[in-house]
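So the protein lines, in turn, are chains L and G. Under my numbering, the first residue of the first sequence is numbered 1, with each subsequent residue one higher. Under my numbering, the first residue of the second sequence is numbered 404, with each subsequent residue one higher.
Keep in mind the hints are simulated off the structure, nothing from the lab. C-beta atoms are modelled at their ideal positions from N, C-alpha and C, and glycine is treated no differently. Careful, some of the hints might be misleading.
What the hints assert, rightly or not - Partial selection, computed: residues in chain G whose CB lies under 7 Å from chain L: (1) G473; (2) F559; (3) E563; (4) T564; (5) D575; (6) P579; (7) Q635; (8) A640; (9) T650; (10) K651; (11) L654; (12) D734; (13) P735; (14) S757; (15) I760.
Number of protein chains: 2
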Amino acid sequence: METRADVGSVSTKQQVFEAIRAQGHVSRVDISKYIGVSAGSVTSATAELITAGLVRESTGQERDQDAGRGRPPVSLSVRADSNFVIGVKLSTPHHSAVVMDMAGGIRAEVILPCSARRQGVDAICDFVDTLVTTALDRASLSAGDVTMVGVGLPGFVDHETGEVEWSPLLRDQGVPLRQAITARMNMPVELDNDANLLTLAELWFGAGRSMRDFAVVTIEHGVGMGLVINNQLYRGAQGMGMELGHTKVQLDGALCRCGQRGCLEAYVADYALAREASTALNMETDDDGTTTVMNMLLEQANDGNEAAQSIFRRAGRYLALGLANVVNMFDPSLIILSGDRMRYDYLYAQEVVSDMIAMTPNTRVGKTRIEAHQWGDLVWAKGAAALALSATTDRLFAAGHTE
Amino acid sequence: METRADVGSVSTKQQVFEAIRAQGHVSRVDISKYIGVSAGSVTSATAELITAGLVRESTGQERDQDAGRGRPPVSLSVRADSNFVIGVKLSTPHHSAVVMDMAGGIRAEVILPCSARRQGVDAICDFVDTLVTTALDRASLSAGDVTMVGVGLPGFVDHETGEVEWSPLLRDQGVPLRQAITARMNMPVELDNDANLLTLAELWFGAGRSMRDFAVVTIEHGVGMGLVINNQLYRGAQGMGMELGHTKVQLDGALCRCGQRGCLEAYVADYALAREASTALNMETDDDGTTTVMNMLLEQANDGNEAAQSIFRRAGRYLALGLANVVNMFDPSLIILSGDRMRYDYLYAQEVVSDMIAMTPNTRVGKTRIEAHQWGDLVWAKGAAALALSATTDRLFAAGHTE
DNA sequence: ACATTTATTTCAGTTGTCAAATTTATTTGA
DNA sequence: TCAAATAAATTTGACAACTGAAATAAATGT
Chain L
1 METRADVGSV STKQQVFEAI RAQGHVSRVD ISKYIGVSAG SVTSATAELI TAGLVRESTG
61 QERDQDAGRG RPPVSLSVRA DSNFVIGVKL STPHHSAVVM DMAGGIRAEV ILPCSARRQG
121 VDAICDFVDT LVTTALDRAS LSAGDVTMVG VGLPGFVDHE TGEVEWSPLL RDQGVPLRQA
181 ITARMNMPVE LDNDANLLTL AELWFGAGRS MRDFAVVTIE HGVGMGLVIN NQLYRGAQGM
241 GMELGHTKVQ LDGALCRCGQ RGCLEAYVAD YALAREASTA LNMETDDDGT TTVMNMLLEQ
301 ANDGNEAAQS IFRRAGRYLA LGLANVVNMF DPSLIILSGD RMRYDYLYAQ EVVSDMIAMT
361 PNTRVGKTRI EAHQWGDLVW AKGAAALALS ATTDRLFAAG HTE
Chain G
404 METRADVGSV STKQQVFEAI RAQGHVSRVD ISKYIGVSAG SVTSATAELI TAGLVRESTG
464 QERDQDAGRG RPPVSLSVRA DSNFVIGVKL STPHHSAVVM DMAGGIRAEV ILPCSARRQG
524 VDAICDFVDT LVTTALDRAS LSAGDVTMVG VGLPGFVDHE TGEVEWSPLL RDQGVPLRQA
584 ITARMNMPVE LDNDANLLTL AELWFGAGRS MRDFAVVTIE HGVGMGLVIN NQLYRGAQGM
644 GMELGHTKVQ LDGALCRCGQ RGCLEAYVAD YALAREASTA LNMETDDDGT TTVMNMLLEQ
704 ANDGNEAAQS IFRRAGRYLA LGLANVVNMF DPSLIILSGD RMRYDYLYAQ EVVSDMIAMT
764 PNTRVGKTRI EAHQWGDLVW AKGAAALALS ATTDRLFAAG HTE
């Protein structure tokens with residue numbers, strides 16, 4: 001008989017802490033309303049958090065603002081310097097990292113260019129080491145100050161086991177990358193798919209803070225997706241992310257780099273557009289990936305080249321189809337389109353949205369909002385830091401470390 | 404500021420009750436292991452359940468079987484006759500209903516033929532009335548014995564609000580059907596999409612009892628899907644089911660009865676096959692829906708007619724694509740293909756499974772099992788009863804009715 | 001100064017849980 | 001047949017977390 005023991009519950013103390021971090025500055029009453037717990041419980045929880053050095057009463061904030069009658073609320077905030085984490089994003093053509101404090105503040109940033117070639121595990125670990133060391137240096141912190149490193153990379157990543165089944169960055173398959181990095185850095189490490197990082201970034205620092213359920217779709221070299229259900233990142237029934245990019249949008253369709261045919265990715269990702277550009281416009285892919293080709297393509301489309309325009313147009317239509325399928329399957333109230341490729345207006349045009357609406361049932365029209373977010377290159381690393389932050393909090397509150 | 408109050412928690416007592424119902428006969432120790440609660444707590448919970456009349460000690464079961472040392476376990480079972488519910492499935496070409504006791508036992512069944520035409524709300528209510536009355540009569544029970552009626556029908560149904568946005572059975576759109584039936588029958592009513600009913604049936608009485616996560620795909624007049632996450636039916640972020648049938652599998656593809664193009668349904672559902680049959684084989688759709696045509700088509704395919712075979716073959720390939728997309732999005736460990744159309748081997752052939760495997764990433768191959776279940780016509784009504792049963796339990800344990 | 005308002009704290013009471021001790025029912029072996 | 005031996009079920013006491021109500025604190029208005 002399979003056991004069904006409870007796992008998901010979170011202590012009130014942790015809930016209070018996360019509420020404070022989410023809001024920045026909140027009074028106890030507001031927390032009480034927010035998480036639905038009595039005021040008394042909030043008082044005792046905050047008391048413990050304060051003695052544990054995780055939270056502080058930030059006296060005399062915008063006191064004059066309130067102008068209310070009764071006793072003014074005393075606002076609470078997390079003590080930023082109680083813990084630090086590092087978020088690392090591995091990608092091409094550059095890797096990046098941030099040092100983040102407990103409050104979500106960025107203490108240092110690093111972006112380093114890297115080869116577009118596939119690497120071995122050791123080379124990846126070397127790079128992580130360099131990134132972490134540099135980042136710590138810039139933040140004037142030492143390795144001992146770091147409680148956790150969050151690492152994200154494209155590909156099939158199993159967050160639970162820390163294994164990378166496949167990644168465009170790695171030469172080998174089925175690599176136990178988390179263990180490798182942990183061993184190298186001698187720090188606790190969390191590993192995840194890059195789309196999940198982006199989703200965490202939205203959940204922690206973006207639009208997702210006020211949304212219970214939403215989906216994040218990102219287009220880069222591939223197409224990724226993350227889903228938030230009930231304020232929590234959902235990683236699929238078996239722990240791997242949701243592979244929107246390898247969702248099939250055409251029977252016997254275009255060839256995907258995964259070797260299969262008809263994947264959404266094979267119609268809308270960088271390499272798909274670059275492939276078409278090389279066919280119709282004689283553009284050649286160069287060594288640094290597809291960046292140059294993509295820029296040329298975009299330029300020509302803007303200059304009125306019809307072939308270039310039709311390439312983007314078709315990609316847009318398939319993207320609309322993919323988004324419509326997300327709506328048909330999950331029915332989120334918000335879909336966030338995010339990532340660097342937001343620059344290609346063609347992909348995120350009004351036309352795509354209206355195409356998508358035309359492909360979702362009438363009864364759902366208007367219930368799903370679509371937003372395009374253009375973040376800097378560092379969102380990914382920030383998301384990785386959020387991953388580390390959330391693991392740190394879980395760990396802090398797990399075994400009564402704060403009592 | 405949005406509030407985030409906890410909603411999902413279930414009392415230990417309810418957990419114990421549901422464990423007993425799920426297992427049929429269990430000892431207290433086993434429950435304790437199963438739900439991960441101390442033996443003491445189980446003892447006190449069962450004591451309350453017994454005095455509330457919901458559970459009984461079923462002494463001297465297969466006593467001889469055990470042959471263990473020590474004190475033999477005393478097995479517990481739910482008192483079947485403590486409450487009764489009715490499950491109603493509305494469909495074409497017949498409606499059906501079952502009376503179910505608290506233990507999940509069927510006390511009576513009704514199947515009544517009905518018109519294939521769209522009806523008004525009143526006509527539907529009339530039919531529900533007839534079904535319920537007949538069913539109660541056959542079970543020798545009166546309306547007062549029934550604690551809840553579960554009703555399921557195809558279409559877009561909002562379980563929360565009880566509204567039917569659209570259904571092939573209803574003439575109008577946006578019908579508050581639950582309220583209508585409640586008013587008519589003067590009984591509490593739960594309403595849901597028929598695919599969700601089937602999923603509940605699997606969860607309660609089928610393969611799902613031992614599975615934490617699985618998906619159910621059903622092909623009938625339309626294509627439906629239900630998803631179980633963590634032993635719970637997931638109804639999508641906004642409460643509507645997952646519309647696999649209206650997932651797009653082809654840009655500008657075949658016309659669907661929903662008015663859009665390229666829906667999976669438009670390639671694999673009854674009416675899609677019937678449409679092709681009428682084109683290639685001059686089969687005409689008659690008044691009682693598509694049943695006759697489908698049977699003729701199947702017959703001809705079995706007789707070696709190539710046009711008929713190719714119709715099924717194409718449907719099978721698109722079904723494989725749809726299933727592959729389910730795997731790519733949710734990655735469940737089991738997909739159950741269920742419903743009446745299991746008879747059409749062509750749709751559920753080995754070929755479909757291998758096509759599907761060819762469309763899912765290598766890393767996932769072998770992690771998703773596919774099973775085809777052929778239940779009788781009454782599964783749907785049983786699922787509706789399960790819906791009612793689960794609502795009844797929730798209600799029983801909500802406001803301390805059992806203390 | 002004093003009533004009013006609102007935030008926070010205190011505290012008694014409740015609930016749910018667990019660990020350990022105890023009771024009960026049964027098998028095994030002498 | 002009867003005393004271990006064994007395992008299930010129950011009882012008990014302690015404990016932790018939470019709630020609701022009352023008390024207290026810190027402001028504003030009159």
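Hints versus structure:
1. G473: violated (19 Å)
2. F559: The hint holds - G:F559 has a Cβ within 7 Å of chain L, the shortest such distance being about 5 Å.
3. E563: For G:E563, the interface hint is violated, since the closest Cβ of chain L sits about 12 Å away, which is over 7 Å.
4. T564: Violated, because the Cβ-Cβ distance from G:T564 to chain L comes to roughly 12 Å (cut-off 7 Å).
5. D575: violated (13 Å)
6. P579: Constraint on G:P579 not satisfied, violated at 14 Å.
7. Q635: Check failed: Cβ of G:Q635 comes no nearer than 11 Å to chain L, outside 7 Å.
8. A640: Interface hint status for G:A640: holds (4 Å vs cutoff 7 Å).
9. T650: holds (5 Å)
10. K651: holds (5 Å)
11. L654: At about 6 Å, which falls below the 7 Å cut-off, the nearest Cβ of chain L leaves the hint on G:L654 intact, so it holds.
12. D734: holds (4 Å)
13. P735: holds (5 Å)
14. S757: Since chain L brings no Cβ nearer than about 14 Å to G:S757, farther than 7 Å, the hint is violated.
15. I760: Violated. Min distance 11 Å.
Taken one by one, the earlier hints fail for this structure at numbers 1, 3, 4, 5, 6, 7, 14, 15, listed in ascending order.
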